[in-house]
Structures are given as C-alpha cells and as structure tokens.
Amino acid sequence: MAPSSVTGAHIIARTLKDLGVTVIFGIVGVPVSDIAEQAINLGIRFIGFRNEQAASYAATAYGYLTGKPGVCLVVGGPGVLHAIAGVGNATENNFPLLLLGGSIETHMVTKGAFQELDSVSLLTPQTKLSIRPPNATMLPNLIANAYRCAFYGRPGTGFVDLPADIIMNPIAIEDVDRTPKVSNPPRGAANKAQLAKIAALIKGAQAPLVLIGKGAAYARAETAIRDLIDRANIPFLPSPMGKGVLPDSHPQNVSSARSAALKMADVVLILGARLNWIFHHGEAPKWNLDAKFIQVDISPEELGRNAADADLAILGDVNIVVPQLMELLGSWSFASTSSPYISRLDAAKQKNEAVAAKAAAYRSIPLSYAHAFAIIKEALHELSPPEDGGIVYVAEGANTMDISRSIFPLEHPRLRLDAGTYATMGIGLPYAIAAWEAYNGPNAQASSGPARRKKIVAIEGDSAFGFSGMEIETMARFGMDVLIFVINNGGIYFGDSNTKNDWETKQERTRKGEPGLRSWALGWEVRYDKMAEAVGGKGYFVRTPEELYNAAAEGYEASGPVIVNVVIQSGKGEQKANFGWQVAPAKKHARL
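Residue 256 in UniProt numbering sits at position 256 of the sequence shown; the count goes up by one each step and never skips.
Simulated from the structure, these hints should not be mistaken for lab results. Take the hints with a grain of salt, since some may be wrong.
[Stated by the list, open to error] Capping the alpha-carbon separation at 25 Å, the derived lysine-lysine pairs in DSS-like fashion look like this:
#1 Lys530 <-> Lys377
#2 Lys572 <-> Lys512
#3 Lys263 <-> Lys292
#4 Lys203 <-> Lys286
[Said to hold, decoys possible] Label-pair distances were calculated between CB atoms; the ranges are:
#5 His250 <-> Lys203: 16 to 24 Å
#6 Gly204 <-> Ala310: 19 to 27 Å
#7 Pro285 <-> Ser343: 20 to 28 Å
#8 Gly330 <-> Pro285: 35 to 43 Å
#9 Gly112 <-> Arg45: 32 to 40 Å
#10 Ser299 <-> Pro3: 41 to 49 Å
#11 Lys17 <-> Ser364: 52 to 60 Å
#12 Gly188 <-> Arg518: 50 to 58 Å
#13 Pro385 <-> Asp502: 41 to 49 Å
#14 Pro180 <-> Arg45: 17 to 25 Å
#15 Ser299 <-> Arg518: 39 to 47 Å
All residues carry an ideal CB built from backbone N, CA and C; glycine is no exception.
Generate the whole structure from the sequences, applying the supplied hints.
Structure follows, in structure tokens:
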C-alpha cells in the first residue's frame, strides 16, 4: 500500500528525478542528509566531496559538459558560504548550476539558530533566481523554476533555500504540486536585415578573423562553425576552452600567430566568446585600433561591450545564426592565397612554432615546463592519439595552464577545462571529477569525438593543487581513474630556492621572524604523490625525462587515481610573473 504522506526530502529528491537529474555533487549534514539519501534511493548518484567549494565547482563543470544544470547540495550557513565560490564561477563562465542549500527551521529565523544565514538575501545579487519555499507543497514548482532559470538564456545559477522543517516534516501526497516539465531552452535566430549588413561587412574584409569561445562549445555548434570556416576560408582563433570546437590541426587555426592576428584583423566575428580580459577587451595596443567586432551572443547585456559596436551585434544562438550567415555569404570565400595578411600570419606561425619546438627539446634536470609537457604529450599520444578524442585535459595554475595550453592539441570540443573567465584556482580536481562523471559515469551524458570513454588528465601547478588536493580521496572512493600531474616548482608562479640547503636556510630565518621565505614560496619538493598512495591510488615522484615518461605511461593504464609529482626548475630569479593577457597601462590613442 502506497504511503499517504511523504517528507519534504522525498519531494525534493523526486522533483530532481522528474527533471532528469542523474547526479548530485555536495556534502551532507544537518538538515540535508535525508535529501541525499532519498535521492540515492531513487537512483540518483550522490558524489560526496570533502569541501563544498570543490563540490560547487564540480557541479558547474558538469553543467557545462552536459548542457543541463549541474546540481550541488550543501548545508546552510558555512556550507552555503563555501559554495558561493561555485556561484561566482558559474556566473562568470556562464555555466548552469542549481544550488540547493539547507537552512534553519522557519520559526527560528532571527533567533541565532544553528548555522543561521539569510542565504536568499546574500545570493539574490549573485544568481538568476534565489528563493525560499514557504511550504513543502510548492517545492516541485520552485525547484523546477530555479532549474529552468539556470540554463535558459544566459546560463548561471538558480538557488533554492531549504528550511529544515520543510525538509523533514511529512505532507499529504495529494497536496504536493506536480513537477512542471522543463524542456530544452528555446534558441533565437538573427534579424535577417542585420545579418545581411554583417555578411556584407565580412565580404569586404581585408583581414577577417573568427574568435571561437567556450560558449560555442557549450552550444554544440562545432558542425556549423566548421562548415563556415571550411567554406569561407577565414582564419580562426579559439579561446582556451574554445579549443577543439574546430580541430587544432585545421589549416585556418592561427593560435600560434595570436598576437599577429589580433594586431592585423580588421573584421572580427565573435562566436560564443566575450571581449573581456582573455581577448584584451578588443582594445589597442593588442588589437588593430580600427577593427570592427561582430558579436553573436545569447545575452543582450554582452552586446556592445568594450570595443564592440552594438550596431554590429547579433542577438541569437550560435547554432542558429551561423547557418543563417552562411546562406547570405553564399559561395564567397576569403582570397587567402594572395593576401598579405595570410602571408604574415603564416610567417608568425612558423616563427613561434619553431621557438616552441626549441623550448620543448631543451633538456635539463630539473626539467623545464616545456620539456616536461613535451614528454607527457609524447607518452599520452602514443596511448591515445588526439584524433580519437580519448583524453579530457584539465589545466590549473598560472604558468602550468598558460604554457600547457599550446602544447596539448585538441581535435574535438569540450575536452579541455581550465580556470576559465574567472581564473579560478581550486577547480582542478573538482573539474576532473565532473569530467569523469560526465563522460564515464554510470549515467554519462557528455560526448565528444569517436572515443566514448575518456581518460581524464589533470595538469596542476603545485600551488593550484593545494586548493582542492584532498579530493583525491573522493576520486579513490568512487573508483575514478584520473591521472594527475603536479608540476612542482616549489612556489606560486615560481619557487624561492634552487637547492634544499638554500630553502632550509630561508626557512630558519622565517622561523626567527627575519626575512626569509618570500610570499610566493611553498615547501621544498613536497611529496604530493604520497597523497594518492594514502587513499589507495598510485604515486610517482619523478625528476628525469625517463622517469616522467614511464610514470605517464603507467599512470594512464591505472584503474584508480594517480599523482605524478614532477619536479621542475624553480624559476628563481624571475622578477615577476608575466602573462599574455597582461597589458601596459592604457594610453590614449587618437586618430590623426
């Protein structure tokens, strides 16, 4: 005989099940534990983390990879505060996230109750919807609405605050609302008159360029964009997570001539990317001062931002707009063979690729970044060629992320995750868990390239690894065969010592309250590999090319998590960290 009443926890779990949710990321505790248990009973997988911040990051990446909101469940108060990191990450990266947070009983508000926090007020400015159900009857409607808001339009966060009494108290089944159907988001097409103006502008360009961002990867627009590039013969430049929307091996890819492309381009078509810091805001001196930017975006707030002109913007879905544009371009193709623009790009590509090859071939012990990455690439490519799409790369850490981006080629979309628009440290292991679950989990919902199953490879700076390193235990608990490389230079950006004796001398000064270890210093050759061994995985401590190659090859075949701890040059002596996105203080540029 069916029960006549159910708890709010059951209603919440049932609502998630009705919405198609197959996995929840989070940490249980009072009062949300029963929600997780009810979800498990209904066949929803619960991935329990060691920190709410990591759980929230994982949920955001899962949303990006699957195209549906990732779900994160946390306790109230400190749990919600920790998860706010994921809210910011979702907002800045346009990732869909449904955050469910516990809270105190409704009658205890303002009494100084256990972990009391006005989460709705706190999160309202940071989310697309932040709501607290007044009763259990409305749970299905409100949760479904938050879920819908998270991935309709510009993706972001929907938050539902769940009071303990609503979670725990029984309610008659007949009084509970039914879960509304939430279909896939509607997709907008371009205004035809506006698009005709855009097509004419592109046809008249002397140095056209297409920017491809992670928004295009999220939109699953790879087929449409490849058709455009192949037919129109326009050079393209992917953002760090836009890599793979078109193969890195594509002849029109100008990633290795990035600076030259930005400086020369006169008409720039932006597909699923933003003119933010990653693309230098579209401003001189990185860009041609007279460049015209054509934005295609689902978010009207983004149109006309920075150097872009709203009169040249298109509000619409990349997957719909690009085929519309191709119709208007017809048989037109950029005359690249006779273009001085293309000749200069080719020269820049050859020069920069030669410099990169020389850096990768430079042998030293300790290893350099470039040489270490070249060895890892060689080992991995022998086991899984890029054209198979069998590896998902997660990159985290300033130097580690920037340098590795150009070394590991991608031939398929959504196979690279990094710190993203927010440059968030701490995403490494959570993103690796999300990628493993999205591609390899029991209810895998992500796909890319021929290989169905993916090897998840996380390339971590030693500083970055420290933000979420304990999630190695989460990986081990769920049998996730993630291969992690910790690039160990003993510091943030760079280390403080080239020898153990020098480091220990500085440490002793620090202990005495004297100037010693600098603010960026970390421990000397810390044995991060032991963390994998402690949870039942494998650890490797390597210094030489041979040790690194063997560890990479063996680690790839392992059935559980692996940490390869790679000692590299400290970089001591560098005055500061320099990155490609940094620019000198702005000067006024006048047209004479």
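Going through the hints against the structure:
| no. | hint | in the structure |
| --- | --- | --- |
| 1 | Lys530 <-> Lys377 | 24 Å, holds |
| 2 | Lys572 <-> Lys512 | 23 Å, holds |
| 3 | Lys263 <-> Lys292 | 12 Å, holds |
| 4 | Lys203 <-> Lys286 | 24 Å, holds |
| 5 | His250 <-> Lys203: 16 to 24 Å | 22 Å, holds |
| 6 | Gly204 <-> Ala310: 19 to 27 Å | 20 Å, holds |
| 7 | Pro285 <-> Ser343: 20 to 28 Å | 22 Å, holds |
| 8 | Gly330 <-> Pro285: 35 to 43 Å | 36 Å, holds |
| 9 | Gly112 <-> Arg45: 32 to 40 Å | 36 Å, holds |
| 10 | Ser299 <-> Pro3: 41 to 49 Å | 45 Å, holds |
| 11 | Lys17 <-> Ser364: 52 to 60 Å | 55 Å, holds |
| 12 | Gly188 <-> Arg518: 50 to 58 Å | 52 Å, holds |
| 13 | Pro385 <-> Asp502: 41 to 49 Å | 43 Å, holds |
| 14 | Pro180 <-> Arg45: 17 to 25 Å | 24 Å, holds |
| 15 | Ser299 <-> Arg518: 39 to 47 Å | 42 Å, holds |
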